[in-house]
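Number of protein chains: 2
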Amino acid sequence: MRIVGIVAAGTLAIATHTAAAPDEAVSYPADYRQWAHVKSTLVGPQNPGFATNGGLHHFYANAKGMEGYRTGTFPDGAVLIDDLVELKDAATPGVSDEGARRRLAVMVKDSRKFGDTGGWGFEVFKGDTQAAALDVKARAACFACHQKAANAVFSQLRK
Amino acid sequence: MRIVGIVAAGTLAIATHTAAAPDEAVSYPADYRQWAHVKSTLVGPQNPGFATNGGLHHFYANAKGMEGYRTGTFPDGAVLIDDLVELKDAATPGVSDEGARRRLAVMVKDSRKFGDTGGWGFEVFKGDTQAAALDVKARAACFACHQKAANAVFSQLRK
Numbered sequence: 001m002r003i004v005g006i007v008a009a010g011t012l013a014i015a016t017h018t019a020a021a022p023d024e025a026v027s028y029p030a031d032y033r034q035w036a037h038v039k040s041t042l043v044g045p046q047n048p049g050f051a052t053n054g055g056l057h058h059f060y061a062n063a064k065g066m067e068g069y070r071t072g073t074f075p076d077g078a079v080l081i082d083d084l085v086e087l088k089d090a091a092t093p094g095v096s097d098e099g100a101r102r103r104l105a106v107m108v109k110d111s112r113k114f115g116d117t118g119g120w121g122f123e124v125f126k127g128d129t130q131a132a133a134l135d136v137k138a139r140a141a142c143f144a145c146h147q148k149a150a151n152a153v154f155s156q157l158r159k
Numbered sequence: 160m161r162i163v164g165i166v167a168a169g170t171l172a173i174a175t176h177t178a179a180a181p182d183e184a185v186s187y188p189a190d191y192r193q194w195a196h197v198k199s200t201l202v203g204p205q206n207p208g209f210a211t212n213g214g215l216h217h218f219y220a221n222a223k224g225m226e227g228y229r230t231g232t233f234p235d236g237a238v239l240i241d242d243l244v245e246l247k248d249a250a251t252p253g254v255s256d257e258g259a260r261r262r263l264a265v266m267v268k269d270s271r272k273f274g275d276t277g278g279w280g281f282e283v284f285k286g287d288t289q290a291a292a293l294d295v296k297a298r299a300a301c302f303a304c305h306q307k308a309a310n311a312v313f314s315q316l317r318k
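Protein chains in written order, with the working numbering: chain A, 1 to 159; chain B, 160 to 318.
I should point out that these hints are in silico values taken from the structure, not numbers from a laboratory. Any given hint could be a false lead.
As the list claims (entries may be wrong) - 25 Å max Cα-Cα, derived BS3-like pairs, lysine-lysine:
no., chain 1, residue 1, chain 2, residue 2
1, A, K159, B, K223
2, A, K137, A, K39
3, A, K39, B, K285
4, B, K307, A, K88
5, B, K318, A, K88
From just these sequences and the hints, can you work out the full model?
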């Protein structure tokens with residue numbers, strides 16, 4: 001039984017490696033602004049990575065993503081969003097409003113399609129574009145960091 | 160025709176004034192964390208009202224509320240939320256995480272029930288409580304300020 005299991009896993013890995021690039025694409029989540037809001041994180045000017053990562057990060061999840069946050073297990077079909085927008089000074093002193101979108105980062109759970117990276121596919125859309133920005137190396141870097149977290153997900157649902 | 164209209168409006172006003180207090184209550188929106196996220200606003204320490212209003216304001220809307228943001232007309236049944244949470248320093252320099260909820264402010268559109276205040280009912284729930292915190296005078300103060308905005312709604316939907 002154990003040998004059969006290893007063979008099956010090897011077959012799956014080969015199938016994933018030989019899949020055409022379009023099959024591994026993460027599509028733009030057109031309706032994510034209707035999804036539930038998971039939490040937000042503010043990255044301010046004091047952060048060393050402010051130039052590339054500064055602003056207000058809003059995390060969103062579709063219904064299967066929310067199921068994952070609640071149960072601890074993200075089912076296939078779960079989609080998680082990190083929507084990064086700039087903050088700009090409002091007319092009222094001390095008040096900051098949301099400005100332009102810097103980028104939209106997306107994680108999609110599909111155990112078969114993304115078997116090489118913990119079942120998660122990663123993509124980034126810059127600004128308000130809907131064109132995928134990552135190459136294979138960049139996607140691998142996403143997973144290299146995300147695999148440090150349980151289920152590869154860093155964020156937790158705010159009550 | 161014009162006189163009939165005035166009489167009808169007067170009748171409606173009387174009916175609203177004589178309604179029992181429970182009928183004018185705005186109930187706690189139990190499922191609002193599943194609703195769409197309209198926008199967020201940061202009120203920082205430089206703001207004169209920081210002590211009472213500081214933190215990260217997340218605005219949410221139910222489906223009818225979202226219809227209102229999109230069309231400019233909020234139908235009866237629209238519910239809008241201002242969820243105010245504290246910001247606290249995270250372990251990473253320059254990063255702020257959401258902390259405790261300070262209060263949940265709710266607007267409900269019901270043209271009949273809240274005819275005296277532009278069709279909107281107002282309520283506040285302090286911290287994580289689900290007990291209404293406003294008296295009649297405080298609700299009137301909500302409307303006194305909100306009526307300065309078109310449709311009594313200050314927030315606008317972020318794209």
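Each hint tested on the structure:
1. A:K159 with B:K223: holds, 23 Å
2. A:K137 with A:K39: violated, 28 Å
3. A:K39 with B:K285: Cα-Cα ~20 Å, so holds.
4. B:K307 with A:K88: At roughly 24 Å apart (the allowed maximum being 25 Å), A:K88 and B:K307 satisfy the hint.
5. B:K318 with A:K88: holds, 16 Å
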